[in-house]
Each structure stands twice: as C-alpha cells, then as structure tokens.
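S.K.: Between the sequences and the hints, there should be enough to build the whole structure, so can you do that?
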Amino acid sequence: AQSVTQPDIHITVSEGASLELRCNYSYGATPYLFWYVQSPGQGLQLLLKYFSGDTLVQGIKGFEAEFKRSQSSFNLRKPSVHWSDAAEYFCASGGSYIPTFGRGTSLIVHP
Amino acid sequence: DAGVTQSPTHLIKTRGQQVTLRCSPKSGHDTVSWYQQALGQGPQFIFQYYEEEERQRGNFPDRFSGHQFPNYSSELNVNALLLGDSALYLCASSLTGGNSPLHFGNGTRLTVT
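Residue numbers (the working numbering), protein chains in the order written: chain V, 49 to 159; chain L, 1384 to 1496.
If you are wondering where the hints come from, they were derived from the structure by calculation, not from laboratory data. Some hints here could point you the wrong way.
[As the list claims (entries may be wrong)] The calculated DSS-like cross-link candidates involving lysine-lysine, where the alpha carbons are at most 30 Å apart (straight line), are:
1) V:97 to L:1409
2) V:109 to L:1409
3) V:97 to V:116
4) L:1396 to L:1409
5) V:109 to V:97
[Said to hold, decoys possible] Footprint (simulated), chain L over chain V, 3 or more residues, beta carbon under 8 Å:
6) 78-92
7) 146-155
Where is the CB? At the ideal position from N, CA and C, for every residue including glycine.
M.R.: Have a look at this one:
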C-alpha cells in the first residue's frame, strides 16, 4: 500500500526566510505527486503536481518542489516566505488519481 | 466558473442519527471523491463516484454510502452516527482520464454529540 510521510508536524520560519517542507512517499512505480495547502476552515488548494518529466516543478504562489526518486522524496520549497503563507501543507501521492495524503505540516510564520 | 460547492457548511447531529452531505462538482468535471479529515490529520479517502457508480472505496464501513446524480453532483450519507464521525468532510471533483488533479470544496464540518 502506498503511504506518504511528512516528518515535520510544525515548522516555524521568519517572514522573508526560505522554506523547505519534507515529504517522503512509498510507492512501487513512479507516483503522481502533489502538494496542497489548506487555510483554516477551508478546503485544499493545489499548489503543484508532478506526473513525469522535469523533476523540478513550479507551482503557484512562488512554490516549487523537486522529485528525487533515489530518496523517494518530493520536498516543497519557497525562497522567501510571506506571512500569508501560514497554513497547513499536505503532500499527496497517488497512482490512480486517488491520492493518499500525509498528515500535514503546519507552517507558522513569525514577523 | 464555479468551483466545488458543498452544503451545508456546518452540521450538528446526535449519536445514532443519519446525515446527508451534498456536493456540486466544478464545471466540466465528471468524477467526485469524498474524503474525511479528522482534526489534525490529513484527508482520508472514503470513496469515488464516476458515471453514477462507486468506482473505488477506501477503508470505511458500510455506514458510509453515497450517490452520484446524472448532473454529476453527489451525496454522502452516514448512518448510525458515532462520536468518531465528527470531522471535516471534503468533496473533490476531477475529470476522468488524463492528468486531472483533485479540486476540493471547502468542506462540511460535522459534529456528532
């Protein structure tokens, strides 16, 4: 069975600092990989997705993620965090358009 | 272009009761998936509907059932509610075929007392 691990429950960064959120997946073949963001009381918004091709994926709001097959990772990065980025971030992996979600990482941004 | 809409936004029920949640997919989408998100957890897949049939199901008991209508909208029904059913229920729509990611609604917050 496929699984997704987000090892960090909470991440705290200062506004303007760089960000990296970790994600590891377990799947036999090359998976479909996603990052979603959830603001309080809201649904999930897709930040970016990887299906194949270039392993560095650009998303919305200045986010990017890199697929590393050798490490089974798909980490999310942003060079400069804004206060409005504070939210819950979910990594998801799926091979049949029904992704399995990690438990999420809560991003806290200090001014 | 309307996104995924869910109703109601909040609901309070008593143990043993039954509940129906509703979802209208994003325009052009034909597939609807339902997820349960407990507090502090990631969404857990309940089931997916396509062409009015349940196409795939997650690890949820038969108390959870659904339906998809010809206009692609969907309902999630939960019978004999338990306290542990309290969660945010998320509906997501997509387009079958091709690389169509899920588009989520804002969810229905169900509280069982």
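S.K.: Per the coverage rule (Cβ-Cβ under 8 Å, at least three residues), is the stretch 146-155 of chain V covered by chain L?
M.R.: Check passed, 7 qualifying residues.
S.K.: Starting from residue 109 of chain V, check that the Cα of residue 97 of chain V is at most 30 Å away, please.
M.R.: Measuring from Cα to Cα gives roughly 14 Å; hence the hint holds.
S.K.: Check whether the Cα positions of residue 1396 of chain L and residue 1409 of chain L lie no farther apart than 30 Å.
M.R.: holds, 28 Å
S.K.: Take the C-alpha atoms of residue 97 of chain V and residue 1409 of chain L, compute the straight-line distance between them, and say whether it is at most 30 Å.
M.R.: Holds - the C-alpha atoms of residue 1409 of chain L and residue 97 of chain V are around 19 Å apart, at most 30 Å.
S.K.: CA of residue 109 of chain V to CA of residue 1409 of chain L, is that 30 Å or under?
M.R.: Given pair residue 109 of chain V, residue 1409 of chain L holds - Cα atoms ~22 Å apart, limit 30 Å.
S.K.: Taking a Cβ-Cβ distance under 8 Å as contact, does the stretch 78-92 of chain V have three or more residues in contact with chain L?
M.R.: holds (count 7)
S.K.: Is the straight-line distance between the alpha-carbon of residue 97 of chain V and that of residue 116 of chain V 30 Å or less?
M.R.: holds, 14 Å
The structure shown violates none of the earlier numbered hints.
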